[in-house]
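Following the hints, complete the assembly by docking chain B onto the known chain A.
Protein sequences appear in the order of chains A and B. The numbering used here runs 4 ahead of the 1-based position in the first sequence. The numbering used here runs 12 ahead of the 1-based position in the second sequence.
Since the hints were made in silico from the structure, they are not lab data. Everything hinted at is true.
DSBU-like, lysine-lysine: derived pairs with alpha carbons at most 30 Å apart:
1) B:Lys332 - A:Lys172
2) A:Lys394 - B:Lys112
3) B:Lys327 - A:Lys172
4) B:Lys122 - A:Lys172
In silico negatives: residues of chain B with every beta carbon more than 12 Å from chain A:
5) Thr68
6) Thr246
7) Ala247
8) Gly317
Note that beta-carbon positions come from the ideal geometry of N, C-alpha and C, so glycine has one too.
For reference, the chains in residue letters:
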Amino acid sequence: MSINADALRADRRRPAPVRPLVVSRARTARRILLDAWASRLVVLGGIVIIASILAILVVILTEVWPLFKPPTAERVGQLLAGAVPAAGEATGVDEYREIAYAITERGALQFTALRAAGAYPSIAVAGLEDSRVTAVAGSGPGRHVVGTSDGRVVPLDVSFQVDFKDGKRILTPRHEAGAAAALDPEKKRAILGLAAATAGTGLVVVARVGPRDLVVLSVVEKKALIGAPRREESLRAVSVEVDGEVTSLRIDGRGDDLFLGTSRGELVRYDLRDKERPTRADSVTVGTAPITLIQFLNGDRTVVVGDRSGAVTTWQLVPPPAGGAARLTRIYAFPPHSAPVVAASPSRRDKGFVTADAAGGLHLNYGTSGRTLLRLQEGAGLRSVVFAPKADGLVTTDERGRLSHWAVHNPHPEVTLGALFGRVWYEGYSAPEYVWQSTGGTDDFEAKFSLTPLVYGTLKGTFYALLVAAPLALLAALYVSEFMHPTVKAYVKPAVEIMAALPSVVLGFLAGLWLAPLVERIVPGLFLLPLVEVACILTALLLWRAVPLGLRTWFRPGTEVFLLVPVVAAGAWLAFGLGGLVEARLLGGDYRGWFLSALGLTYDQRNSLVVGVAMGFAVIPIIFTIAEDSLANVPQHLRAGSLALGATRWQTALRIVLPTGSPGIFSAVMIGFGRAVGETMIVLMATGNTPVMDANIFSGFRALSANIAVELPEAPEGGTLFRVLFLAAFLLFCLTFAVNTVAELVRLRLRRKYRYL
Amino acid sequence: MRIRGLVGAVALVLLVGGGVAAQVQVDPGLAPYKPVGGVSGNISSVGSDTLNNLMTFWAELFGKYYPNAKLQIEGKGSSTAPPALISGTAQLGPMSREMKGSEIDAFEKKYGHKPTGLRTSVDALAVFVNKDNPIKCLSLSQVDAIFSKSRRRGAKDDLATWGQLGLTGEWASKPISLYGRNSASGTYGFFKEHSLKNGDYKDSVKEQPGSASVVQGVTVDRFAMGYSGIGYATAGVRAVPLAEKDGGKCVEATADNSYNGTYPLSRFLFVYINRAPGKPLAPLVREFARVMFSKEGQEAVVKDGYFPIPASVAKEELNKVL
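Just chain A, with the same shape it has in the complex (with noise of 0.2 Å):
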């Protein structure tokens, strides 16, 4: 039997009782029913909301997830292709792997076919005819020079046509032979070694032709945007100064720097700047045993050294951290090979390379995370390795000619924890950063996805937010709830709630264009408002305290903080007129030169002050509203109790209402910390979203949320950025669940604390 409230309820407001106040029997079935069904449906409603939590996780966790799968290979085919290539890069593959190519010791160039059945003639390259191929070096993609044994060096371009024929695919290797060019006229001694650079003036090559003795040859073309070039050629013989000989020698792409490997296992840096006078820059040893190789990564910034013990070792001119002139820096040493390394190719499209050694093991390695990622085994005798220019496969060539092709499936090899959250050692580093650059305009640019920045920023705008909106707000709840007179207080109270209507785009359009240069001005100014603020409110209260008692009654209990506006008024423009005046007198009359020299930090006009400022307007609502209702829900025995025991209502709101309504304060500052760390449109339009990690309060930073706004538009989908992006909306997600979660649990503990109330 169920009692109806309402009607009770009504029936007191009416006199005559029409209805029985017990309710029929199919009354009471049709109610139960309807409680049933809308227990359900809250129940189901419920179990909704939770799924659909589950299944934005499971979506972000599959986007994310492949970024942790370790990469895979297998070997697509083997085959004797006859044709064994010559010492130094003589080896190439097409991008689609389909055709590999070698060039022979017997001048020639032949392409072997990969997939498909049928064989390539053997070409006779012009200009290598009646002579010996003793050293081959890679000067680009496709792009070879190569030396011969009575001196001469001849440029060799391999390119595959690509046409369409009903939809299928149809590869045609090209090549071109470019004038071959004598480096050693007089005396016609074999080239040793050999390196070459195709560099934006135009090809600089370095040869060995004695155990100390290189030739640099350097061709200066001016391009055009438009119109024909000009061409120079310049020849130089070089006598080094190193200890034993010269195993390996390289050129950057740039044609700046010279490498030399020397037997003894030192690595040797000539500044090819002036090619009319090489200059002996830097010098470091490597290790004991000769350098067998010395290889870039792609960028040509990271040298990768093997040497004959099989250790790999990659180095980077490193500015040192006082200034001054880069210097040669070991950055990582890899898992050693067992076998002396013979070979090495970048990646075209990373920062990975693969490195072989003469036992046939092939190691995967990525230069900006120092990993191995995966160890192949091939048979011995191992000649030569090259990485297809879409990074995803590999060509090996062993001294019989027999050819090796692996498929390589390596999405995303920049990404380890270790890289997303730790300190990276980047190329042009003086030191292990925490960075953000996700985009670069080229390939050989090093992403740098470190999501600790971010997170700082995200901490820090929230943190700067709350230190303006926590104790604004819940000073003005308790105020509200135990001091304001109840008329006011029904005007104040939405007049607050309404500020959380306002869209944040708004909120971040007003800071970023017209708070910021505001603020600019008025920086000293605002840092001495809340002191003389307070100090104002305080004497102008001794003064009410002055008034005499008559006068005071004139205004109701509540409503003399009206009183109080004009004094805030003028605190504010006492404040920012001694502001001026401080700036003018103590700061040398620029606060921001004062910053720097003084305190050592630098001022951004979009800043965190101006992001606290905003974020704190959008934060303060939330926080007063429940913060107020929680004071207000304090029963009103413990307060009546309390004055009735001689406290003051100061004494009352501190002792007693202040910790009864704690939980619910502790959780409106928290669902406050909630919606500052997923805020985005302020963030993003009233900083400058620099990834910076510093607590300076006058400098920017960038957030997760704005910094997955900026990003996701440019990311393709299923590519690392993408991913890291997906990991970082992951992160959030999981940042506001731990802030909710524990805001929670505390509130619930301390509910359980006064529950005896």
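Okay, now just chain B, sitting in the frame of chain A:
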């Protein structure tokens, strides 16, 4: 009355703008556009912000010939073009840099052929300072030391104040306030590649979502420096002449200097399209390309402040679409 005044002011600005741009002449070898029948439908363009205004000019021109064709233009940055072309949300992908290998790979994986890049116009990427700034010339290694923390052009010291660039008086002690583009931008990538030699930008470069906001920033901030396409130049900023080497000849960002390659930051502006080999292009895209390479289309290039391509290049590019 007030509205009429405003219209007058706008017309005046257009006239003045036209007057300045009229120094560059369109190659007389370019043929005027002849409309064809049966072109209608919707096409959309997603990509470069540098090319955004120019795409709008071309779209207006296109709309004049084909009132039944609708063109949507979105310009957030060149890096947004490849994803849009790959997913098929755009048929035209304007880019202020060449597509890089990994983007071409992704495209080829989806369609089996490479995207087709059309060189539509020439830009001199300019380094802008405020109009009141007295600086005469900058070498590329100075630009590198101003914008980059890597200093790959070999400058010894970081350049942070105007005094270090030789300015005196009130300028000497003022820090250089840096404005740049966001990483989606092709201009960001091109400037990074050619001025910074692929070094990293300083963290203090304020990343702006568009070229217009870079120029706006430099206009408002007297001590600022920023970079963008020459088409965004306004009366409030000045493009600094650049020298390839320290102490070298200073070269103004003009059409001739860009054509002959003496201006170090000259580049082509591209529009990428998806053309399956051996199959005719969709009439809308084909005719849009023909409009771009017509006399009228190249006049629009001049109107937007960029430099037109010669008839020989236009012919080469047209062969890719016809």
